[in-house]
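*Asks:* Top to bottom, those sequences are chains A and B.
Each residue of the first sequence is one higher than the last, beginning at 1 in this note's numbering.
Each residue of the second sequence is one higher than the last, beginning at 1001 in this note's numbering.
In short, the hints are calculated from the structure, not lab data.
Treat the hints loosely; a few may be bogus.
[To be verified] Straight-line Cα separation of at most 25 Å, DSS-like style, residue types lysine-lysine; simulated pairs:
#, chain 1, residue 1, chain 2, residue 2
1, B, 1188, B, 1358
2, B, 1221, B, 1430
3, B, 1410, B, 1308
4, B, 1358, B, 1031
5, A, 228, B, 1430
6, B, 1398, B, 1308
7, A, 195, B, 1031
8, A, 54, A, 193
9, A, 50, B, 1162
10, A, 193, A, 50
11, A, 193, B, 1248
12, B, 1349, B, 1308
13, B, 1430, B, 1219
14, A, 145, B, 1162
This is what each chain is made of:
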Amino acid sequence: MKILVGIKRVVDYNVRVRVLPDGSGVDTDGVKMSVNPFDEIALEEALRIKEAGKAEEVIVVAAGGDECQQQLRTGLAMGADRAIQIQTGVPLQPLSVAGAFLKIIEREQPGLVILGKQAIDDDNSQTGQMLAALWDRPQATFASKLTLNDGSVTVVREVDVGLETIEIDLPAVITVDLRLNEPRFVKLPDIMKAKRKPLDVVPLEELGVSADSNLSVSHFAPPAQRAKGIMVEDAAQLVQELKNRGLI
Amino acid sequence: MSEREIMEYDVIIVGAGPAGLSCAIRLKQLKPELMVAVIEKSSEIGAHILSGAVIEPEPLDRLLPGWREDPPPICIPAERDEIWLLSRDGKRRLPTPPQQKNHGNFIVSLGAMCAWLATRAEALEVDLFPGYAAAGIRYTEDGAVGGVIIGDMGVGRDGQPKDTYMQGIEIHAPLTVLCEGVRGHLSKQLIRRFELDRDSDPQTYGIGMKELWRVQPGKCKPGLVQHTTGWPLDSRIYGGSFIYHMDKDRIALGFVCGLDYTDPEFVPFEAFQQFKHHPMIRELLEGGEILSAGARAISEGGYQSLPKTEMPGALLIGDCAGTLNVPKIKGTHQAMKSGVLAAEHIADKGAAEGFDAKLRDSEVVRELYKVRNIRPAFYNGFWRGFLRAAIETVTAGKLPVTLPVHADDKSLARLDQGYTPPDRHWVERKLPPRDRLASVYFAATAHEEDQPIHLQILEPDICTTRCVAEYNNPCTRFCPANVYEMVDGNAGRTLQINAANCVHCKTCDIKDPYQIINWVTPEGGSGPNYQNM
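Using the sequences plus the hints, can you model the full thing?
*Replies:* This is how it looks when you write it as structure tokens:
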């Protein structure tokens, strides 16, 4: 079967992000961009499934401007066979991304779609779930363990109360969490090989998907500065200070 | 361990700084059919680059004519120069010496400029590999340098392979160009192995610490280039500051201390922070925010310390050799020129032999020769140095005397032999960063915790036996990132190495009085993630 892996170009997790002075967004000027860390985990899992002989082809897909080809090449260097760029000039909301991915699914007919659980820039955690709904197929999110069976997959999910194990029929959408695996390092020669692997550019319009969104972001602001604390001598002073601040 | 996989290139360049990238670009311009690779230990080109910087554009004009139409992202023409002599509360303007007249020069972020040079190199089909560290040299059968060995990745703290283990490949090339910058770890090995420093003085260094600030609107004067000397340093410590006013209310400021200082209790980072609290500087910074911070050693030995820059199969260029012009405090144009010269030599001769003579005959070394006596003039204190520097400037270095340059690791005074550190009368600090740990946050330095410690202590017993008595463990003070700490535990006092804080400045490798600290590359991609530095 084919496995489709969705990846996103995001601000690198090491970068100290800064809000633009006018609050319109985050300063990405000259900032390092990387593959979303959860997407790397998703790709690693797809590659391991292929290496275990349970899939023939791993395709990485990203939606974005031509800059995201850099991240697609990283995916190819890690071991993906093919890459597809859904070309768009504007940032897409999760529903649009899910709609575009669905069109690619219709073209490629994968047996499994693996995504990262959320992107570290917007932290939405919506695309995988919306994609499964649009596709009308099962979903297993926050996966920390995957076991492929014949025509189904058993997934251990990380949930608030602990771990939940479910079995879903293929084809399906799985989103992955941190503990699933540790992505491999890329070997230098594979970077060179990746340059020759196919990377198809598909304009968003060609898929018949609109970039329109019913959401707009109104304002960005940094977290409030923590006020300076004071040292107190004893419990009596603590109580007095709390009273002074109207807290008790 | 299996045999390493091999990749072959015509030229392998170690380090994607201004020297390495200029060399790569020039090579491809002259001989496009050459297979040229550049490997770089930082995760992204520019992430480990830290410099003032005011650059002379001449090498750019030659290498990339038309660059002014498509300049690097941060590129502000230098408009005005100011030199200040600071006292604790006062300041006096000094006349601008010729080496500090910056008309025609540009204030840049060298890191952003390297990323910009990298796109030019890629367009010429140079293979750039950031995120891979050259951990060792590959030698051919006859003992020549035959390429480099990339460091293994996915090795645990205990030295054992982890699940993600990936063996580093070997890159074989008939020519290796070392552009590691100041105190490169491979260059250090090669200089020793081929005795390249046999006929030169030891190299001497400074530690350069820098912060990038966004200040309150109206305070930044784009194009203003300021340098200060004097306070907070006493007359025995060589050094001073730079303040470069850029665009978008951004100011690059930094402090350099010569590493030949004698006081074992001296803390260079603290001197930098004290400088920021001088009334003239504090006024500029108050209400602003730090965008980025970091540190890197700079080479100050110049002409006398230049080693032989060729060996069988390899060349040393840029600050690997030490081409920075100290009175100008500029090394970028020299690094680029040496890179271009190396490329032209390789394209012409196809071998390392003859490069050293060519370099010594070139404008790069001519420029170093002219100012060769200025730094060593300061061995006898600030005022004698200042006077001698003035004489050398006026006579354009033509006096028939060359002052010797001394090594830094022998200069510390012994605390157990009567030396008393001076009282520095430093002020209480209010501006960020609070301390070295807070500063390291702004360097965004990242190291996988579970990897071998890349700061090798060759004789660890010395720390708790001799050093504590003789120098009181100065590593805990000269490191700008608080990597070294003496902690009290069950076994008494021991050295704790917080390797994850390291910003790859190389100061410890240089200043350690016993020369037992050996800096090696951590896993590729580790280290600072400087932005616009």
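*Asks:* Now tell me if each hint is right for this structure.
*Replies:* Results of checking the hints against the structure:
1. 1188/B <-> 1358/B: holds (22 Å)
2. 1221/B <-> 1430/B: With Cα atoms ~24 Å apart, residue 1221/B and residue 1430/B stay inside 25 Å; holds.
3. 1410/B <-> 1308/B: Judged against 25 Å, a Cα distance of about 23 Å means the pair holds.
4. 1358/B <-> 1031/B: OK: residue 1358/B and residue 1031/B at ~20 Å, within 25 Å.
5. 228/A <-> 1430/B: Distance of about 13 Å is within 25 Å: holds.
6. 1398/B <-> 1308/B: holds (23 Å)
7. 195/A <-> 1031/B: Distance of about 22 Å is within 25 Å: holds.
8. 54/A <-> 193/A: holds (23 Å)
9. 50/A <-> 1162/B: holds (22 Å)
10. 193/A <-> 50/A: Roughly 18 Å between the alpha carbons, so the hint for residue 193/A and residue 50/A holds.
11. 193/A <-> 1248/B: violated (41 Å)
12. 1349/B <-> 1308/B: holds (18 Å)
13. 1430/B <-> 1219/B: holds (19 Å)
14. 145/A <-> 1162/B: holds (20 Å)
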